Structure formats: structure tokens, C-alpha cells
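Engineer: One line per chain: the protein sequences are A and B, in this order.
Read in order, the letters of the first sequence are residues 1 to 267 in my numbering.
Read in order, the letters of the second sequence are residues 1 to 241 in my numbering.
Keep in mind that the hints are not guaranteed to be accurate.
To be verified - Under the rule of at most 35 angstroms between Cα atoms (straight-line distance), these lysine-lysine pairs were calculated in the DSBU-like manner:
1. B:135 - A:78
2. A:237 - B:46
3. B:46 - B:68
4. A:188 - B:46
5. B:68 - A:237
Calculated from the structure, these hints are not laboratory results.
Just so it is clear, the structure is predicted and the values come from calculations on it, not from any experiment.
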Amino acid sequence: MNKLETALRDLSEMDTLASGSSCIHRLHPAAKLIATAAYILVVVSFHKYNLGGLLPMGLWPVVLFQLSGIPIRTCFYKLRIVLPLVMAVGLFNPFLDHTVLYTVGNIAVWGGVVSMITLMLKGVFCLMAAFLLAATTPIDVLCGALRMMHVPGMLVTLLLLTCRYAGILTEEASVMTQAYELRAPGQKGIHISAWGSFLGQLLLRSMDRAQELYDSMLLRGYHEHFHYAPIPRFRVKDALFLAFSGAFFALVRMLPVVQLLGSFAVQ
Amino acid sequence: MITCQQVSFSYEKDRPVLRDLSFTVHPGESVGLIGANGAGKSTLMKLILGLLPCMQGQILVDGSAVGKDTLKEVRRKLGYVLQNSDNQMFMPTVYEDMIFAPLNYMVSREETDRRVDAVLEKLGIGDLKSRHNHKLSGGEKRMAAIATILAMEPEALLMDEPTSALDPYNRRIVIRTIRDLPQTKLIASHDLDMILDTCDRVIVLSKGQIAADGPAGEILTDRRLLEENRLELPLCLAGRS
Chain A
1 MNKLETALRD LSEMDTLASG SSCIHRLHPA AKLIATAAYI LVVVSFHKYN LGGLLPMGLW
61 PVVLFQLSGI PIRTCFYKLR IVLPLVMAVG LFNPFLDHTV LYTVGNIAVW GGVVSMITLM
121 LKGVFCLMAA FLLAATTPID VLCGALRMMH VPGMLVTLLL LTCRYAGILT EEASVMTQAY
181 ELRAPGQKGI HISAWGSFLG QLLLRSMDRA QELYDSMLLR GYHEHFHYAP IPRFRVKDAL
241 FLAFSGAFFA LVRMLPVVQL LGSFAVQ
Chain B
1 MITCQQVSFS YEKDRPVLRD LSFTVHPGES VGLIGANGAG KSTLMKLILG LLPCMQGQIL
61 VDGSAVGKDT LKEVRRKLGY VLQNSDNQMF MPTVYEDMIF APLNYMVSRE ETDRRVDAVL
121 EKLGIGDLKS RHNHKLSGGE KRMAAIATIL AMEPEALLMD EPTSALDPYN RRIVIRTIRD
181 LPQTKLIASH DLDMILDTCD RVIVLSKGQI AADGPAGEIL TDRRLLEENR LELPLCLAGR
241 S
């Protein structure tokens, strides 16, 4: 199985994960969407040296993963291509920022090291939260919630179709790669001389398929307006989820939880 | 139901794909459209559905000329089953794909659900309802694709190679299903055995023109006519020699 086939399988498995029936899956999509957006905002808002403050934020996705029945390793496995990029974000900070923040024994801890870890954790936490949302909410339900929140229909349709067409692009690329590999034994990847025609063909083939898919939509009455899955009523448990999440974010953001716990333990 | 009057079409100048085509498909009729590769079968289907503009002549669906102003009305009456079911099924599950068309045509949720259940029961594929499209086998996908079209309750069905890439067992199921559908049918295919099984009338297309039009029993047994048009007798009639 080539990398693209694996990517395609991963993509289709997201739909399967999203069709689960845990308490997190059953939450109102708007509640999950708002909570995730708030989580990402709060995580991003931490100062680059505030590693202690940021750490407890990791609890929220971890608890939700447990409740949803989706193993956290699934998240890391599926995001294995993106994670190194996220991790690379702060890689140069230790070389650029030599401000001494703490000393552990005789060892000085530079601000660059702390900010690197903080940035990495921010990226990982945000990815975990976004993955959790996607893995517990089918894309059309998510789009329905976005429309309910008055996000412009054009943008929502764009999101939905991008998700659908991403699969087509990957599928075509996978078939073409396989055909290439079968006629180029012993060769690793696609030779640079073939990249031009390969990409051109990929574009043309994907466009053809996308056109046929769009025709199929038109023939079934599509007129720039999707009828998304029915959104369930906003219930008390959804409000409670939002309230608890909000309270947790506020608590962690405003109070130095780790320091308080530390001083409590010392006393 | 479907009338083509002197229809011509070309993708490139001076290279006509269809030339001066005239025929009528009457309500309730089941018509097979056969011809060699490049004969213009798929192009004709797309013209009838208004996916391609008619350059010359006129196509009427239930009395309405196919054109920009009538597209909505025409397409509501026609259900098109694509050759590649993967391109037809674009929603995550079979159910969501089936409700796509009725909801677009403002059918209520309750009525849509009733239609979905009725179609699934009729085709005997109730177990596919909540299945994910990408997890269906080729045969299941084809049946689900037909189901998504039937949920529209179209007056006529246009099918492009409905039995291609199916194993014998699934092919037989699809043929039986098509044969039992009461709608007007226009079926483009190279599977002449299937055409013989499902159609009363056959139109032979050759180089964009009608080479023959008549009862399926007559046309599909005419070896000379078929061979002149780069076709062969259906296997069931060709014998084992």
C-alpha cells in the first residue's frame, strides 16, 4: 500500500470514527465547535514562557478522548505527517533566545528552550482539539452547525466540497502513483523528470472526476444550497458541557494551577 | 417521454459526434442504446440531461424542450445512473446520499424518509442504509447508486453502463432490478445480454448516427447488422462455437 493509499484510508476512516455513539459524539455540534474554538483561542493566548500555565490545558482533550472512546494514539498516528511540522515551529528558539529564566541546580534554563516547548505544546494541543472535533462530528453535521451559527453558506459549502474533493484528488494521485511504481521497479518515489506530466495529468483527471461528481449533484437538484443533516435540539447537557469547558478554560487561564498545586504539595 | 429531433453535436469544429439524430422514447418503454466506443452514447445521454448544450435540433422531455429555463423541471423527471458509482455517491452514507435529491426538491423530511425506506425495501438492500459509501463493495455500490436515483421518484431512468465491472452474481441482481423498474428507461451499454434481458427496443448508434432502431429481439439477433457496427451477437445467442 503506498503512502497516498494510506492517506486515503485515513481520510475515509475519519467518517467512520465520526459515526460513533459516545456521549461526546452525541453532543450538539455547535457546542463542540464553540468549545473547540474557545480552547484553541485560550491555548494560543498563553505567553511563550508560561509553560506551567499551559500544561493543564492538555487535560481537556485527554479527558474528551477518553470519553469519546477514541484512543489518543489514533490521533497521533493520523496526524503523524503534520506533527513534525508543528514540532518544528519553535526549533530555532533555543539558539535565538538566551534569556535565563530558571536555574535548576547549576543549569540555566534559557527562555528559548521554554518557548520552544510551549510552542510545540500549543501546536499539539490545538491539533488534538481539532482532531477530536473532526473525529466526533461528521462533516455534514459540522457544516449544518456552521450554517446554524450563520456562517455564510458559500464558505460552508466550500468547506464541505473541499473535504469531498480532497478524497478524489488523493484517490487519483494514489492510482497514478501505483501505475507509475509498477512500471518503475526499484525506483524510490517518482522521478523528478516525471513530476511535470504527473501533476498535469493528476489535475486533469481530478478535474474530470470532480466535474462528473458535480454533474451528479446538479442532476439531483443541487442549486448552491446544501441540505445538511438535521441538527438535534440544544439540550441541557450541551449547555453543561459548554459551561464546564468554559469554566475550566477560565480557571486554567487565570490561575497558576500548577504553581498552586505545587505550593499546596510543599505545604 | 423523450424526443430527439434532428439533434447534432460536436466537441470540436468539423468533428461531429452526433449527426441529425431523431427518435422518441415513449412512456413506459425500455430502450437500449448500443454502439461501439465513441459512437456517441454518453454524449447523447448528457444532451438529454442538459449537461451539454444542444447545438442543432431539439430535445423534448415530456413535451418541454431541454434548455436553460427548463433544466430544473427536466432534471426532476430524469434520473441518471452514472457508469462510475463512486462519482455518484458523494455523501458519507447511503442514507445521506438517498435524501440528497428529495430534500433539494423540497420534499419534506418525513416523506423523504418514507421514500428511502420504500426504495431500500423494494431493492432488498435495507441493510445498506446506514453503511458508509466507501465501505461498500462494487455490487452494493451500484445498487445503492440506483437507490439514490429511485428516491427521487423520476419518471424516466437514464443508465450508463449499469452492469460494467460487476461480477456475474451482482450483474444478475442489477439486471433483475432494472427489469422490474416500471419507469421509462434509456440504457446505454456494451453488455448486449443485459440489453436483451431488460429492453424491448434497441437503437444502434454508429458514428453519431442511428444505424438501426427496432425491437430488441430483431436487432440483437442480426449478426450482420451488429458486426457492421463493430458489435457482436449477445453471448447467450452466439452459442459456444
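Engineer: Are the hints correct? Go through all of them and say.
Structural biologist: Verification of the supplied hints:
For the suggested pair residue 135 (chain B) and residue 78 (chain A), the alpha carbons sit about 19 angstroms apart, so the restraint of at most 35 angstroms is met. For the hint pairing residue 237 (chain A) with residue 46 (chain B), the CA-to-CA distance comes to about 50 angstroms; that exceeds 35 angstroms, so the pair is violated. Proposed proximity of residue 46 (chain B) and residue 68 (chain B) is supported: the alpha carbons are some 14 angstroms apart, at most 35 angstroms. For the hint linking residue 188 (chain A) to residue 46 (chain B), the alpha-carbon distance of about 42 angstroms lies beyond 35 angstroms, and the restraint is violated.
Only pairs whose Cα atoms come within 35 angstroms are accepted, and residue 68 (chain B) paired with residue 237 (chain A) is rejected, the gap being roughly 49 angstroms.
Hint violations for this structure: numbers 2, 4, 5, all remaining hints satisfied.
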